[in-house]
Amino acid sequence: MPLMLALVLEQTLNGLQYGVMLFLMAAGLTLIFGIMNLVNLAHGSLYMVGAYLATAFAERTGSFVLGVALALPATLLVGVVVEVIALRTLYERDHLDQVLATFGLILFFNELIAIVWGRAAIFTSVPPFLSGHFRVLPGLPYPTYRAVIILVGAAVAVLLWALVTHTRLGMRIRAGASNRTMIAALGVDIRLLYTLVFGLGAALAGLAGAMAGPLYSVQPGMGESILIQVFVVIVIGGIGSIRGAIVGALVVGMADTLGRAFLKPMLATMISPPAADKAGPALASMSIYLLMAAVLFFRPEGLFPARSRS
Amino acid sequence: MAETLLSIRGLTKRFGGLLASDRIDLDVARGETHAIIGPNGAGKTTLIGQLAGDLRPDAGAIRFGDQDVTRLDAPHRARHGLARSFQVTSVFRDFSALDNVALAVQAHRGSSFRFWRPARADATLRDPARAALQSVGLEARAEVRAANLAHGEQRQLEIAMALATEPGLLLLDEPVAGMGLDESQRMVRFLSTLKRRITIVLVEHDMDAVFTLADRISVMVYGRIIATGTPPEIRGNDEVRRAYLGEDQV
Amino acid sequence: MALSRRTLVLAAGCVALALVPPIAALTNQPFYLDLFRRMMIFAIAAVSLDLILGYGGMVSFGHAAYLGIGAYAVGIPAYHGIQNGWLQWGLAIAASALIALVIGAISLRTSGVSFIMITLAFAQMLYYLGISLETYGGDNGMRLAARSRFGGIVDLREPTVFYYVVLAILVLFLALGSRLVESRFGMAVRAAKSNEARARAIGFSPLPYKLTAFVIAGGGGGLAGALLANQTEYLTPDFMHWTRSGEIMFMVILGGMGTLFGPVIGAVALLLLEDVLSALTAHWQIILGPILVLVVLFAKRGLFGLLVGETRDG
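Protein chains in written order, with the working numbering: chain A, 2 to 311; chain B, 265 to 514; chain C, 1378 to 1691.
The following block holds chain A by itself, in its conformation from the complex (with noise of 0.2 Å):
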């Protein structure tokens, strides 16, 4: 396989598994606002807590997969207590005070997880039985963890496809999704139903940060960064539908890996290498930036809103 072709399609599937993460982080996120219309600021929180505690219990117990098992259950719980404590009060409240107390909240778990463990990051490595590679096509070996992460995520996807469309449970979260009042009025019970969507969403952050500890740096306040990029998702995808978050969640997954890979090595063929070397990373890192806006130009609902236009 020739090189070009071999480092553009591993770029390719290293963009699809960050699209991955960001899938598992959006998708929680999207149906929070939408359903609960919470804007949560925190949600990268719940992402730190799941990378934290899953190096934690890997530690104890030995086994990385025994440390992502538990972490998962782990962070839900956090993330039920932080909704039942902090964040019922909220829903009542406009948008504007949901920020603000939510970035309160950031303020205390970063500085709790710093408490805990310190502010230096923390190094995990790929276990064992997952690292080294596998060869997905004659010449492109790729990482298994990596793949494995997008594995995972695609399992999830369908999952939670089901479950929303095949479920009780999916048929209400679709219906709060479109129509809050209406179902209240309906008879569900809105407090539980509120709980569980959280969960649910805080799980999944819990099991994005669970996996990205091998990848990515666990530290305190490595929650906000991927945060911002999940809202990019959101507003591209459109809020309050999966289907907007999966494919958001991959076009901005796409559009940050290959921008970083081959924006600058593209510019340096066309302006001065020296050039290239400076603006290369600045464009890459503003590139979904400026996808978000070129989107919300065409389209300010998103791609595939889930609210209709009442």
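Derived from the structure by calculation, the hints contain no laboratory data. Glycine included, each C-beta is placed from N, C-alpha and C at the ideal position. Among the hints, erroneous ones may be present.
[What the hints assert, rightly or not] Okay, the calculated beta carbon distance ranges per label pair:
(1) A:187 to B:276: 43 to 51 Å
(2) C:1531 to A:291: 37 to 45 Å
(3) B:281 to A:6: 30 to 38 Å
(4) A:172 to C:1478: 41 to 49 Å
(5) B:385 to C:1478: 44 to 52 Å
(6) C:1393 to A:269: 33 to 41 Å
(7) A:94 to B:453: 54 to 62 Å
(8) A:269 to C:1555: 48 to 56 Å
(9) A:10 to C:1459: 44 to 52 Å
(10) A:189 to B:457: 35 to 43 Å
(11) B:373 to A:269: 55 to 63 Å
(12) A:187 to C:1478: 40 to 48 Å
(13) A:159 to C:1479: 36 to 44 Å
(14) B:373 to A:82: 54 to 62 Å
[As the list claims (entries may be wrong)] Under 10 Å between C-beta atoms, here's a sample of chain A residues computed to sit facing chain C:
(15) 92
(16) 94
(17) 110
(18) 141
(19) 145
(20) 146
(21) 149
(22) 297
(23) 298
(24) 303
(25) 305
We have chain A; now place chains B and C onto it with these hints.
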């Protein structure tokens, strides 16, 4: 034959599978007071929404005066002389009644890109605003915060705001909804004084108001206008009686 | 002539601020001069945010970006030997206003949750842009070569002089802001916030007014950024970090949204609180976080409202 001020041709609007407006044709003459009645779900609110500029029709055209306004948004239509009141009272709650009307005056005339002079000290805004409040009988309540006005007073305020924009057409969405007997009679009396001077299109359920005010009535059922005529004509129309008024009404 | 409670509070505040340098000199605590000057600079930023947040209802979570732009508008020319304050500060205001125009034009196409997220995303974009500026320190930022020069009119290297310059700018900003919010333009913006459907129905197209307010607020943030760079004599992309945006927003809420003068109190209060807390423990944010949550849940009227006994903007 009075000239046509508002002309609706083939107005169509769908919401998914629901045909809310089904090729509506309607002409309203200048100076006419035209009422639109019909059972709930007939599509009256959708029609008002499309006339006001809140909803874009899927097909059809709306002409106001000599201008095609179909593609214009609500602010532009307002600036062309189309004023409205809302079904659920909608005013600037944290501002005084006088402020509310002064804002309408401001929107209508002159530029709002003035950054220095206080608007509340501007007589060119305050004086016409007071006059409008006086015409609806609210001048005593000028300094009261809109949120603290009684429901009926808020409705009067909306009319004052509409009048302050010196409209050619007044679009009223259930003007006496939620009013007691005295209040609604006062409102109807007041609206009668506006007849001839301003063209009025109103949607109403209160039949007393409708038959007192209207020069002509259109009856809507399932998105279509099934009959248009003078009040006696409508009263006598069998199809209308069956569909809406009920056999034993009137 | 009876003075309203509001006027008394404002006058007292102004006098108190003006007295800080002499008191600091008398008590030999120059630290307080520095602290209050920092508070006033953030007050300017908070007041500029209040214009769009409190009066315009636009929850912009990216306001710190303009402080960053203003700071770099001073830092970059200074790095290249251009120290003319008029040029630098003029550039700070112009650049922030221009970027606010672009960001606003795109963001104001949305509303609600999307608007919040988009303003946040754009600010983050600028933050990454700042990090990528290797020449100007990148991640670590850079020292300011020298404070802005105003050719003999004022010398910002004199702490007291700089203090009164900042105070003068704050007072001027508040005065202009007060006229702005009561003007026809201000009323149009406030009407759009109060009831957008109603505003449209009487003939206001909200977008031009909101965008103009957004640009004015951006310019104000840029000026605050220029002052901040001079204050700290160091600038980093952290000025633009989204947590800074959150802090400024808190100053507005804490002080009282839609009051213009409230945010000044909010800036003073929040920075004082941070100062006190950080003296207690290195992990002060774990205390600040819940305090912010409690303020939002229970004390949203803001300190200015409590002092003066008024309700918020109407």
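Hint validation: residue 303 of chain A versus chain C, beta carbon distance must be below 10 Å. Holds or violated?
With a minimum Cβ separation of about 8 Å from chain C (threshold 10 Å), the hint on residue 303 of chain A holds.
Can you tell me whether the CB distance of residue 373 of chain B to residue 269 of chain A sits inside 55 to 63 Å?
holds (59 Å)
Within 41 to 49 Å or not, the Cβ separation of residue 172 of chain A and residue 1478 of chain C?
holds (45 Å)
Evaluate the given range 36 to 44 Å for the C-beta pair formed by residue 159 of chain A and residue 1479 of chain C.
holds (40 Å)
Pairwise beta carbon distance, residue 373 of chain B to residue 82 of chain A, judged against the given window 54 to 62 Å:
Given about 58 Å between the Cβ atoms, the range holds.
At the C-beta level, are residue 1531 of chain C and residue 291 of chain A separated by a distance inside 37 to 45 Å?
This hint holds: roughly 41 Å between Cβ atoms.
May I ask you to test the interface hint for residue 145 of chain A with respect to chain C, counting a Cβ-Cβ separation under 10 Å as satisfied?
violated (31 Å)
Chain C contact restraint for residue 297 of chain A - C-beta distance below 10 Å:
holds (6 Å)
Quick one: are residue 281 of chain B and residue 6 of chain A within 30 to 38 Å, going by C-beta?
violated (48 Å)
May I ask you to test the interface hint for residue 149 of chain A with respect to chain C, counting a Cβ-Cβ separation under 10 Å as satisfied?
violated (29 Å)
With chain C as the partner, please determine if residue 305 of chain A meets the hint condition of a C-beta pair closer than 10 Å.
violated (14 Å)
I want to verify a distance hint. Is the separation of the beta carbons of residue 1393 of chain C and residue 269 of chain A within 33 to 41 Å?
violated (58 Å)
Hints 1, 3, 5, 6, 7, 10, 15, 18, 19, 20, 21, 25, counting from the list given before, are not met by this structure.
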